[in-house]
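A.B. asks: First residue of the sequence shown: 1, per the UniProt record's numbering; consecutive thereafter.
By construction, these hints were calculated from the structure, which means they are not laboratory data. Check each hint, because a few of them may be wrong.
Said to hold, decoys possible - Pairwise CB distance ranges (calculated):
1. Q275 - E191: 24 to 32 Å
2. E402 - A123: 53 to 61 Å
3. Y386 - K107: 48 to 56 Å
4. D172 - S200: 31 to 39 Å
5. S44 - P156: 46 to 54 Å
6. L26 - S243: 28 to 36 Å
7. K128 - R63: 21 to 29 Å
8. Y386 - D172: 33 to 41 Å
9. S44 - E182: 33 to 41 Å
Please read all numbers here as calculations on a predicted model, not as lab measurements. Glycine included, every Cβ here is placed at the ideal spot set by N, Cα and C.
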Amino acid sequence: IEEHVDHKFVPVVPRLYQVGLGMGYLELPQVDVPEGKLIQKLLSTKNVYILDCFCDVFVWIGRKSTRLVRAAALKLSQELLKMIVRPEHAVTTLVKEGTEPQVFKTKFNGWTDVIDVDFTRTAESVRKTGANLKDWAAKQETKVDLSALFTPRQQPMTLEEAQQCMDEWNDDLDSMDAFVLEGKKFVKLPENELGHFYSSECYVFLCRYWVPGDPPEDEKEEETEPEDDFQCVVYFWQGRQASNMGWLTFTFSLQKKFETLFGDKLEVVRMHQQQEAVKFMAHFKRKFVIHTGRRRQEKQPVKMEEEPQEVNAKAVKPKFKPKQRPEPVPEEPQKPQPELFHMRSNGSPLFTRCIQIRPNAASLNSEFCYILKVPFGQDDDSGIVYVWLGEKSDEEEGRLAEEVAQEMYDPEKYS
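Given these sequences and hints, build the entire structure.
C.D. replies: The following block contains the structure:
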């Protein structure tokens, strides 16, 4: 066996620093470690600590620490990282109390989540000693609920049950207005793009639901019908590649307008890509398409430069000859690329999505259905569309994939 570790190698001892505020300056005293071994009790929930492990710098933030100390600790950790020569892979990691990763716990002695169990003893033998098992279990610090590991898995919803839920929720829906973020404001989404989402965009859907009125309590008023009420739910959909600026723009513009219009009857639901609410998914009737990238914007016409007016040469004598600008090199238009969509559902037919993936033959699976578009021309106005049905795929999903393909692409341009 060849030794790959240098015989002069000495492991670096981690150093623990406590971040504090002094009289007008920051303090970074080193914490005394008993016997040179880090233990969990050294970390106080009211303080912020920096653990320097040479290759890694951790910033541990207690739950009851102040914001000013937290911000100062992040700044000091960056300066501490650059202060000495470290490997290129050295990084600063933010660690919050209660959510420590296993890499951070390994730096401390005896910090483990493994439950100590004595398999040599039984419950009956423990009862004979007079110990109360309920009190013992209540004193344990473990907060892990293992009941989910032993409960039977919930059966998936059938297509008939999903169709019934879609019909009920769509019957209660009075109207749905869709908006999309363009630049710094939300604009009305075209009707032909309803049901099509892009991973780099943000969308807002204002849904108005019918709510049945409460029946009158007085028996004399049984003849009068209860007045119907309504509820407005705003669904904010954020793509996986979209920034949080869309959410900030919504909270400071559209949300305030909706609150003034509907008041207490308004509910805002924020959703991320492929984490949508089931009621929201039901409004698209299993035709939910997610594209990669941004929406296609129409090309703006290029403004032609105005020709310079003729000037009398005798009146103005140029002192120097202006340099001629080089003619711009025309950019070659990008060729349209093939598009591959994967149709799948997670646990229920209500969560059926058609997601664009990278066109690769290795991505095909016999359990699912796929839609492939192969363009012909440079303008992406003609081509051929394939619907690939897996050998073990569901017949209903295959029929749905054909319908989605026909709605996505014009039959006159794509065969």
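A.B. asks: A separate judgement is required for each hint: does it hold in the structure or not?
C.D. replies: Hint-by-hint comparison with the structure:
For Q275 and E191, the hinted distance range of 24 to 32 Å is satisfied, since their beta carbons lie about 26 Å from each other. Checking the proposed 53 to 61 Å range against E402 and A123 shows it holds: the Cβ atoms sit about 60 Å from each other. Take Y386 and K107: their Cβ atoms lie about 54 Å apart, and the range 48 to 56 Å holds. At about 32 Å, the CB distance of D172 to S200 agrees with the hint of 31 to 39 Å.
Range check, S44 to P156: Cβ separation about 48 Å, and the 46 to 54 Å hint holds. In this structure, L26 and S243 meet the distance hint of 28 to 36 Å, their C-beta atoms being roughly 32 Å apart. For K128 paired with R63, a C-beta distance near 42 Å fails the hint of 21 to 29 Å. The given range of 33 to 41 Å is respected by Y386 and D172, whose C-beta atoms sit roughly 38 Å from each other.
Taking the beta carbon of each, S44 and E182 are about 49 Å apart, not inside 33 to 41 Å as hinted.
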